[in-house]
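**Q** Listed below are the residues making up each chain.
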Amino acid sequence: MKKRLFPFVFICVLFCAVLCGCTRYELTEFFALDTFVTITAEKPNGDVLKKAEKLVKDYEDKLSVTKDGSEIKRLNESGTLTLSEEVAALMKLSLSACERTDGALDITVYPLVKAWGFTVGEKKVPSSEELSSLLPLVGYENVTVTGNAFTLENGTELDLGAVAKGYITDKLVKLFKENDVKNALISLGGNVYVAGKYGGRDWNVGIKSPFGDGKAFCGVKLSDKAVVTSGQYQRFFEENGKVYGHIIDPATGVPVDNEFSSVTVIGENGFWCDALSTALFVMGKDKALEFYGEHGDFDFILIMKDGSVAISEGIKDAFSLADENTPLTVIKRSDKN
Amino acid sequence: MIKTKIWVIVISLILTVSAALSVIIFTLPKKNVVAIYSDGELLREIDLSEVAEPYTFKVEHGDGFNEILVERGRIRVSFADCPDRCCVNYGWYYGGASPVVCIPHKLVIKAVNSQKDDFDVVTG
Amino acid sequence: MKTKRIALDAVLTALALSVFIIEQQIPLPIPVPGVKLGLSNVVTLFALFAVSPLDALLILSLRIGIGNVFAGSVTGLIFSAAGGLLCYVTELILYKFLTDRQIWVCGVFGAIAHGVGQIFAAVGVSATAEIFIYLPVLILCGIVTGALTGSLAQVSVIKLKKVFPFLPFRRKKEEKQN
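Protein chains in written order, with my numbering: chain A, 254 to 590; chain B, 224 to 347; chain C, -14 to 163.
Just chain A, same shape as in the assembly (with noise of 0.2 Å):
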């Protein structure tokens, strides 16, 4: 009897301690950083979500350029400010992307992009007077630090809409981590990190199609890992006939118009992802390969305007096309160096 009975009882622990592995996940939603924020998590506890919504808030309280009280705002206002000490390692970041990108990702620009009338106000063409005017105030190395005091030369004036989101997806997968929350989908507008798996298997990641149909034009699978895109397929304007982006090259003070229509850089940070998804984009197709062949920490999908794509080899096999006939490159790091 004993040993007929084992069997039994043994499967009945099994399924216990299996069903300890039940799971379910939480979404929360809200408007925040000036665009729609998406947070799925899996198994959080308590007020985890809670507590993702307000660090999301506060950094928006602290990074904005438009909200009154913002150290940014402020520094922008009064040209010289001390940071706290979370808004100075963010800058300092910020400061070092700038250099590493060779100015292609310039946190200065601000000043251009107002004049072009994306942020406030009503979008124009700035005359080429204004343009010149404005072009010597941009340049990060208009800003000096002294510990955590930093001062703005030539009135310039600082966004960080270009790694903001990126630096945030950063510190809230920490909080997950610090919260036993393993498994999470975080979108700040668009600005996406995975982390760990999606009931056992890897996340599927789309990237949107610049071309405004809609639906995605290819994905990736992946796990713990950041993915930015940049592009000018939704915030631009045209006038008389041409079209103007929202990204504005800091060297020559016009949106940028190169064979890009979308970058999307996919990393292990997420700042790092935003800022060089900006720069990327800035670049154009050869300054960004050699930018990969020098640097390649990191892998890309570039979407270009003629409907062509390339995407580095480490994403090669995780990579899936919405449609089997779009041109392919597939850039090895070997090939830039």
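Take the hints with a grain of salt, since some may be wrong.
[As the list claims (entries may be wrong)] Derived lysine-lysine pairs resembling BS3-like cross-links, with alpha carbons at most 25 Å apart:
| id | chain 1 | residue 1 | chain 2 | residue 2 |
| --- | --- | --- | --- | --- |
| 1 | A | 326 | A | 377 |
| 2 | A | 424 | A | 326 |
| 3 | B | 281 | B | 254 |
| 4 | A | 435 | A | 304 |
| 5 | B | 329 | A | 315 |
| 6 | A | 376 | B | 329 |
| 7 | C | 81 | B | 226 |
| 8 | B | 228 | C | 81 |
| 9 | B | 329 | A | 320 |
| 10 | C | 144 | B | 228 |
| 11 | B | 329 | A | 367 |
| 12 | C | 147 | C | 81 |
| 13 | B | 333 | A | 474 |
| 14 | C | -11 | C | 146 |
| 15 | B | 333 | A | 310 |
| 16 | B | 333 | A | 307 |
| 17 | A | 296 | B | 333 |
| 18 | C | 144 | C | -13 |
| 19 | A | 427 | A | 304 |
Quick caveat, the hints were computed from the structure, so don't treat them as lab data.
Once you have looked at the hints, place chains B and C on chain A.
**A** Positioned in the frame of chain A, the structure of chains B and C alone reads:
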């Protein structure tokens, strides 16, 4: 003792019926429901697969509004008076993982049963 | 006699488990959830017709329990149990009416029952009745895969009974062959 022949007949019948049903089911259009929220409040749900004629409706928010165009299988913001017009530039929405959002007007159009994409999330 | 039976059951359980796990790696081109080859049913059928219904139940239960622990998913366990047990009950009932040369029939209905069980489990777990729409497809696939696995089991039962008469196979009253 039931003869094998009888079993064969029974199974063949079931086979034919289920095959026929399978074909019918796979050629049916699937439901595709999207939900429209304004300021966090659900305004309406629309099954895009059952839209007969295209139609538009307005969603007002404060001083501004968004005009929404609904066609069979797709929906979009056809006009908006917000400064950036990202919602309009989004183009057609087919029910995938990436929602249409108008930030100044706090408008969200998203899928209810998101089986249209294979994706969990879409960047952009 | 008892030891031989335990040993036989153990071998069959190990076989069922291996097949179950390997089968999960085989992708099928049909876009319907729950479609599978059901190869472990070969073992269940074999045990049912060649050893005894009780042994078959034992092997099945172990395969479901341990196999899904290895697969690591609770929902998988629920689906596996629902499908597997309904399959077993169906096969047990038909066992009374079938000869050794009709095991393939048993396989067909077992596979159908397995699919039906899984659909009911899926509807129960996700609380969406829309899943019932997949029933015809699962039945169709069940007929095909069931005929296959049933035939495999049939061949095994008939051959092995002849080749290994010393093994503790239970013998049904030999019926006139159809």
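**Q** So, for every hint listed, does it hold in this structure?
**A** Cross-check of the supplied hints:
no.	hint	in the structure
1	A:326 to A:377	holds, 23 Å
2	A:424 to A:326	holds, 22 Å
3	B:281 to B:254	holds, 24 Å
4	A:435 to A:304	holds, 16 Å
5	B:329 to A:315	holds, 22 Å
6	A:376 to B:329	holds, 21 Å
7	C:81 to B:226	holds, 13 Å
8	B:228 to C:81	holds, 17 Å
9	B:329 to A:320	holds, 18 Å
10	C:144 to B:228	holds, 23 Å
11	B:329 to A:367	holds, 23 Å
12	C:147 to C:81	holds, 22 Å
13	B:333 to A:474	holds, 22 Å
14	C:-11 to C:146	holds, 15 Å
15	B:333 to A:310	holds, 23 Å
16	B:333 to A:307	holds, 24 Å
17	A:296 to B:333	holds, 24 Å
18	C:144 to C:-13	holds, 23 Å
19	A:427 to A:304	holds, 12 Å
Comparing the model with each earlier hint shows no violations; every hint is respected.
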